[in-house]
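Trainee: Here are the chains, one letter per residue:
Protein chains: 2
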Amino acid sequence: MEILNGKIVSQHIKNELKSFVDNLILNGKRSPHLAAILVGNNGASETYIASKIKNCEEIGFKSSLIRLNENIAEQELIDAIIQLNSNDLIDGILVQLPLPPHFDEEKIINLINPDKDVDGFSPVSIGKMVLGMPTFIPATPYGVMLMLEHYNIETSGKHAVIIGRSNIVGRPMSILLNQSGKNGNCTVTVCHSRTKNIKEICLTADIIVAAIGIPEFVKSDMVKDGAVVIDVGITRVKDENKKSGFSIKGDVDFDAVSPKCSFISPVPGGVGLMTIAALLKNTLNAYNQQNRA
Amino acid sequence: MEILNGKIVSQHIKNELKSFVDNLILNGKRSPHLAAILVGNNGASETYIASKIKNCEEIGFKSSLIRLNENIAEQELIDAIIQLNSNDLIDGILVQLPLPPHFDEEKIINLINPDKDVDGFSPVSIGKMVLGMPTFIPATPYGVMLMLEHYNIETSGKHAVIIGRSNIVGRPMSILLNQSGKNGNCTVTVCHSRTKNIKEICLTADIIVAAIGIPEFVKSDMVKDGAVVIDVGITRVKDENKKSGFSIKGDVDFDAVSPKCSFISPVPGGVGLMTIAALLKNTLNAYNQQNRA
Numbered sequence: 043m044e045i046l047n048g049k050i051v052s053q054h055i056k057n058e059l060k061s062f063v064d065n066l067i068l069n070g071k072r073s074p075h076l077a078a079i080l081v082g083n084n085g086a087s088e089t090y091i092a093s094k095i096k097n098c099e100e101i102g103f104k105s106s107l108i109r110l111n112e113n114i115a116e117q118e119l120i121d122a123i124i125q126l127n128s129n130d131l132i133d134g135i136l137v138q139l140p141l142p143p144h145f146d147e148e149k150i151i152n153l154i155n156p157d158k159d160v161d162g163f164s165p166v167s168i169g170k171m172v173l174g175m176p177t178f179i180p181a182t183p184y185g186v187m188l189m190l191e192h193y194n195i196e197t198s199g200k201h202a203v204i205i206g207r208s209n210i211v212g213r214p215m216s217i218l219l220n221q222s223g224k225n226g227n228c229t230v231t232v233c234h235s236r237t238k239n240i241k242e243i244c245l246t247a248d249i250i251v252a253a254i255g256i257p258e259f260v261k262s263d264m265v266k267d268g269a270v271v272i273d274v275g276i277t278r279v280k281d282e283n284k285k286s287g288f289s290i291k292g293d294v295d296f297d298a299v300s301p302k303c304s305f306i307s308p309v310p311g312g313v314g315l316m317t318i319a320a321l322l323k324n325t326l327n328a329y330n331q332q333n334r335a
Numbered sequence: 043m044e045i046l047n048g049k050i051v052s053q054h055i056k057n058e059l060k061s062f063v064d065n066l067i068l069n070g071k072r073s074p075h076l077a078a079i080l081v082g083n084n085g086a087s088e089t090y091i092a093s094k095i096k097n098c099e100e101i102g103f104k105s106s107l108i109r110l111n112e113n114i115a116e117q118e119l120i121d122a123i124i125q126l127n128s129n130d131l132i133d134g135i136l137v138q139l140p141l142p143p144h145f146d147e148e149k150i151i152n153l154i155n156p157d158k159d160v161d162g163f164s165p166v167s168i169g170k171m172v173l174g175m176p177t178f179i180p181a182t183p184y185g186v187m188l189m190l191e192h193y194n195i196e197t198s199g200k201h202a203v204i205i206g207r208s209n210i211v212g213r214p215m216s217i218l219l220n221q222s223g224k225n226g227n228c229t230v231t232v233c234h235s236r237t238k239n240i241k242e243i244c245l246t247a248d249i250i251v252a253a254i255g256i257p258e259f260v261k262s263d264m265v266k267d268g269a270v271v272i273d274v275g276i277t278r279v280k281d282e283n284k285k286s287g288f289s290i291k292g293d294v295d296f297d298a299v300s301p302k303c304s305f306i307s308p309v310p311g312g313v314g315l316m317t318i319a320a321l322l323k324n325t326l327n328a329y330n331q332q333n334r335a
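Chains as they are written, first to last, in our numbering: chain D, 43 to 335; chain E, 43 to 335.
These aren't lab readings, by the way, just hints derived from the structure by calculation. Yeah, the Cβ is synthetic: ideal placement off N, Cα and C, and Gly gets one too. Careful, some of the hints might be misleading.
As the list claims (entries may be wrong) - Short derived list, chain E residues pointing at chain D, Cβ under 8 angstroms:
#, residue
1, Glu148
2, Lys149
3, Gly169
4, Lys170
5, Leu173
6, Ser198
7, Ile210
8, Lys238
9, Lys241
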């Protein structure tokens, strides 16, 4: 069993990105610039945003954090996006989700200039991905693909079972693994809360991507010997032994499942780190696209 | 075994559309208007286009056919689309595919005003479909969904196996059947040319959608008793006994498979007719959208 080590792979990607930025600077160019908007101060969101900004700094990207009060009117948020859309010095824009309940997330995400939609959540980005056109791929599925590529995991003709059908993980994951071309060509099954006999289906999987958001949902009797298991779950579970008061649990019962796997990604230290690396790659792509024109 | 009768269901939908148009006319409104562009004179394309126009006439839609010579420059086709895009009296635009090889289909389809993209092939339309937003759904998968709805076929929790991963049938079909809500909630597996043990996978299917374009690909030993089988294949096969010189074959070995099915769609007389009905529904949706604004 080999660990799919998000720390190593993401560091590898960040090193590449840093070299690229160093080169830009050497050539008198500006570095890529990611702008993030955070509305309110949800604990998990604060952590994610802080990590994104820290990672930008590490590789020499500029970043801006626009903080808005939880109680602002929708128009204020819209105005902030419009300003970033038209600012030629901003390459990527993300709005940290979830937004407070009085915002229409779909509407807000739709306002982001598609050329700067580095989260890849807008209809245009998703549609281009489905059609196999160059686009921004949502960061988590993109990160998983980068991880599979790094470890040279054969996907062609394999049966991939995706647990979860969310717009930001399960659905795009299923499309990417099913597409023709390198790192694709899987036969893909998408399972979800309405799926019957999920255990039997998982037992036929060469690759399992668990993205259902239920801690330790995937048990050892659901996994066949030699399977590749990717754990996308990140749930905060109360833990009095931790200073923070919680620990992070994946969707896979790691201790029981890992002995059966050929490869498995741990939580933490797996996909989460890849997500940030993928976001940085999208930001660089946005920069390159805009500076090519 | 019950036949999924495309003739009956499409006529039912067309009757509804005709009533709607009759009502528009009674109220002094104009009727919906579909514009089709045909480049060159591919035999199958001529047949499809003629059928679309005939169906528009039947229900009182206006239609325009713009015929362009196979050898025109790309810009002429682009100009034709731009003109239709800005014409407020045109509700739906379709460019009949395939285009002659010197055209970039992706680029051309992208030029169609998303509000008039009644084929639903553009990235915006596809992206909105994936995200579950109101949009134009590609006509063939939409037609299949209308057929399942008409026959009250239970989909929730069922295992649907889609054979084929094309952008216009297999992929959207897999997304629609997998989505939450009425006529969705299937566990969906997408198979394709690289899939191993396709027979075993099909044998686990409650619903099979065959869209691989290989005549009689689905044999009786691939179908479990009581399955619902939807045949999307339309291949022209040489047939000296026919006046036209060819007959139309589906992807399913109908005679052998049908006795095992609870429901099965024939070819011809099945999904093909639904595709046109779905296109007409999309055109009416485009009309309603534009006249609401």
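Trainee: Taking the hints in turn, state whether each one holds.
Mentor: Hints, verified against the model:
1. The closest approach between the C-beta of Glu148 (chain E) and any C-beta of chain D is roughly 7 angstroms, which is under the 8 angstroms cut-off, so the hint is satisfied.
2. A distance limit of 8 angstroms between C-beta atoms decides the matter here; for Lys149 (chain E) the minimum to chain D is near 10 angstroms, and the interface restraint is violated.
3. Because the closest C-beta pair between Gly169 (chain E) and chain D is about 3 angstroms apart, less than 8 angstroms, the hint holds.
4. Interface restraint check: Lys170 (chain E) against chain D, minimum CB-CB distance 5 angstroms, threshold 8 angstroms, status holds.
5. About 6 angstroms separates the beta-carbon of Leu173 (chain E) from the nearest beta-carbon of chain D, less than 8 angstroms, and the hint is met.
6. A hinted interface residue such as Ser198 (chain E) counts as satisfied when its beta carbon comes closer than 8 angstroms to some beta carbon of chain D; here the least separation is about 6 angstroms, so the hint holds.
7. For the restraint placing Ile210 (chain E) at the interface with chain D, the shortest Cβ-Cβ distance is roughly 10 angstroms, beyond the 8 angstroms limit, so the hint is violated.
8. The closest approach between the C-beta of Lys238 (chain E) and any C-beta of chain D is roughly 5 angstroms, which is under the 8 angstroms cut-off, so the hint is satisfied.
9. Hint status for Lys241 (chain E): violated, given a least beta-carbon distance of 13 angstroms to chain D, over 8 angstroms.
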